[in-house]
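With these hints in hand, go ahead and build the complete structure from the sequences.
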Amino acid sequence: MRYSEMFLPTGREVPSDAEVVSHQLMIRAGMIRKLTSGIYSYLPLGYRVIRKVEQIIREEMNKAGAQEVHLPMVQPVELWQESGRWEHYGKELLRFRDRHEREYCLGPTHEEVITDLVRNDIKTYRQLPRNLYQIQTKFRDEVRPRFGVMRCREFGMKDAYSFDADEASAEISYEKMFTAYNNIFRRCGLKFRPVEADSGSIGGKYSHEFMVMADSGEDAMVFCDKCSYAANLEKAEVARPEKKKINDKDWLTLENVHTPNVRTIEEVSSFLKVKPQDIVKTLIFNADGQSCAVLIRGDQEVNEIKVKNYLGADELELADDEMIKKATGAPRGFAGALNIKVKVIADYSIMNMVNFVTGANKEDYHYRNVNIGRDFNIESFTDLRIAEQNDKCPRCGGNIQFARGIEVGHVFKLGTKYSKPLKAVYLDKDGQEKTMVMGCYGIGIGRTVAACIEQNYDVNGIVWPMPLAPYQVIITPVNVNESDVIKAAENIYAELQASGIEVVLDDRDERAGVKFKDADLIGFPLRIIVGQKNLALGKVELKIRKSGENILYPLEKIVPTVKQIIAESLNPAAK
RNA sequence: CGGGGCGUAGCGCAGCUUGGUAGCGCGCCUGCUUUGGGAGCAGGAUGUCGCAGGUUCAAAUCCUGCCGCCCCGACCA
309 MRYSEMFLPT
319 GREVPSDAEV
329 VSHQLMIRAG
339 MIRKLTSGIY
349 SYLPLGYRVI
359 RKVEQIIREE
369 MNKAGAQEVH
379 LPMVQPVELW
389 QESGRWEHYG
399 KELLRFRDRH
409 EREYCLGPTH
419 EEVITDLVRN
429 DIKTYRQLPR
439 NLYQIQTKFR
449 DEVRPRFGVM
459 RCREFGMKDA
469 YSFDADEASA
479 EISYEKMFTA
489 YNNIFRRCGL
499 KFRPVEADSG
509 SIGGKYSHEF
519 MVMADSGEDA
529 MVFCDKCSYA
539 ANLEKAEVAR
549 PEKKKINDKD
559 WLTLENVHTP
569 NVRTIEEVSS
579 FLKVKPQDIV
589 KTLIFNADGQ
599 SCAVLIRGDQ
609 EVNEIKVKNY
619 LGADELELAD
629 DEMIKKATGA
639 PRGFAGALNI
649 KVKVIADYSI
659 MNMVNFVTGA
669 NKEDYHYRNV
679 NIGRDFNIES
689 FTDLRIAEQN
699 DKCPRCGGNI
709 QFARGIEVGH
719 VFKLGTKYSK
729 PLKAVYLDKD
739 GQEKTMVMGC
749 YGIGIGRTVA
759 ACIEQNYDVN
769 GIVWPMPLAP
779 YQVIITPVNV
789 NESDVIKAAE
799 NIYAELQASG
809 IEVVLDDRDE
819 RAGVKFKDAD
829 LIGFPLRIIV
839 GQKNLALGKV
849 ELKIRKSGEN
859 ILYPLEKIVP
869 TVKQIIAESL
879 NPAAK
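Its first residue numbered 309, the first sequence is counted upward by one per residue in my numbering.
Worth flagging that the hints you see were computed from the coordinates, not collected in a lab.
Warning: the hint list may mix true and false statements.
[To be verified] The calculated lysine-lysine pairs, modelled on DSS-like cross-linking and capped at a C-alpha distance of 30 Å, are:
1. K371 with K431
2. K795 with K737
3. K649 with K551
4. K700 with K431
5. K431 with K342
6. K670 with K651
7. K534 with K551
8. K825 with K841
9. K551 with K616
10. K371 with K865
Computed from a predicted model, the values in this text were never measured in an experiment.
In structure tokens:
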């Protein structure tokens, strides 16, 4: 393509509403424009990158035996009522009515539609397993869209759904997708890591997220430096500690102390001159309308997802003042496990504590020297807290490390969460009706592109890895008014095009500096510079964006060299 | 939904406190010079000052309401 004919508006100014680098660079490089909050247009350059990602996904999905379909984005209320998600999905589901007042939603995901499709046309075990995927625009009415294309409302997603006859077969389908995902992200040139994850509102029992490593990522993860354990921080397990022998002779007398207006762990700690580790924090949660007290050591944080999953609750939030008062008989800040009227669950962290401090369930009073087994009882201790730096790997006991990442893919084992309510059944060998076992597998396309930029940029702009680059090469004639220069550039351009190389000829009548700046900003992996002086010696210059290397090549060598570099970087194994 | 900020030329911003014919930089157009890292000179175009009311002789500026966008929090594939 000739630069002079492209719709490629680049910008020098950093847009004031873009926070993260990928967002800033995508706007400055003319890849995207915002239409309204969380909704973006892709310009030609941005769309080329999107299509590169899509193509890699298609190839790997097809290789894994999945088949491409295209499902509707507008979906009728009935299906969502059948799955129960019309009630449960919440405000993220954009709902509307047509002219006949019939209700619809914009698909935030497609479990219902695909399950409906399959249940109508798959009747026997002979037709299983099947894996169907699509690349489709999703709409989720995010509370707060941000970071450009990374967390937006309308976005492109590849979603695949597997249908199997039984668990064992579903396991194989899951593994195939897991492998395909590794291949996809490796081919995109990303540094990533699959981690164990919570399955959230999609549901199911087991899932992995594919995280692109980036300090700007919204997700935190932990991984073991010895074994292969890696998990989203939300999911990261904390190992059960050793139960220490507690000698009840060490128990001191329970004291009720006046603690006027002393509420937080910090306040209690300094008022009573005790360490936060010697306080048991009692948090009151509202779990589907029921109160529940969670006990945890004062210096640690509750992992709400663990609490939610342990209780099997649909909705979990910290109780409001009214609920706290009802549960404890006291205002916020004085809750404790003694004589509390609600269900109490306890984190491992308090299992071995003796003579600790808790609230007294009475305004302005705390207890000292509280002991489990004497002052109250706990049926069982469980893992309810957020993992922290000093914790050991729950699998092998090795040290764990923390990192941040961007979730670009998620694979779920759904089991029968959708096939059961939607009655996706088949007849097995014995003529028995069985429910299909499902899995679902998503990749955020735009997010993958943004994540790639987060990992590949420098002060001058984007540094595309070859497989995702919108164009592989840019030819920069330093001065288009010098006829031999533009002629040499045109020749190289024609030859590269004939070889199937994706190439831009910067034929604009601009100063060299302007062209260089734009080329760096856009991030072409390779740049061929045709200048008067070198040309007089029969040479042109090749600049590698990533390394900054500058190499002179004889004119006749440049095309084969570029072709070879591209071939090698698209298929590193062949090197 | 709670807290904060912003809305003035394509982009980035000043002007608003103290009302008086709307400005700067970049970009854009024309001409000349220049041509290896965002050129110089000269000339030029571009605005319902987010919208609607109100106060006033007069509103970008003061008042009221609304809308949009961004940030922090809550929430979340």
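- Item | Violating hint indices (sorted, rising) | Violated hints (numbers, rising): 2, 4, 5, 10; every other hint is consistent with the structure.
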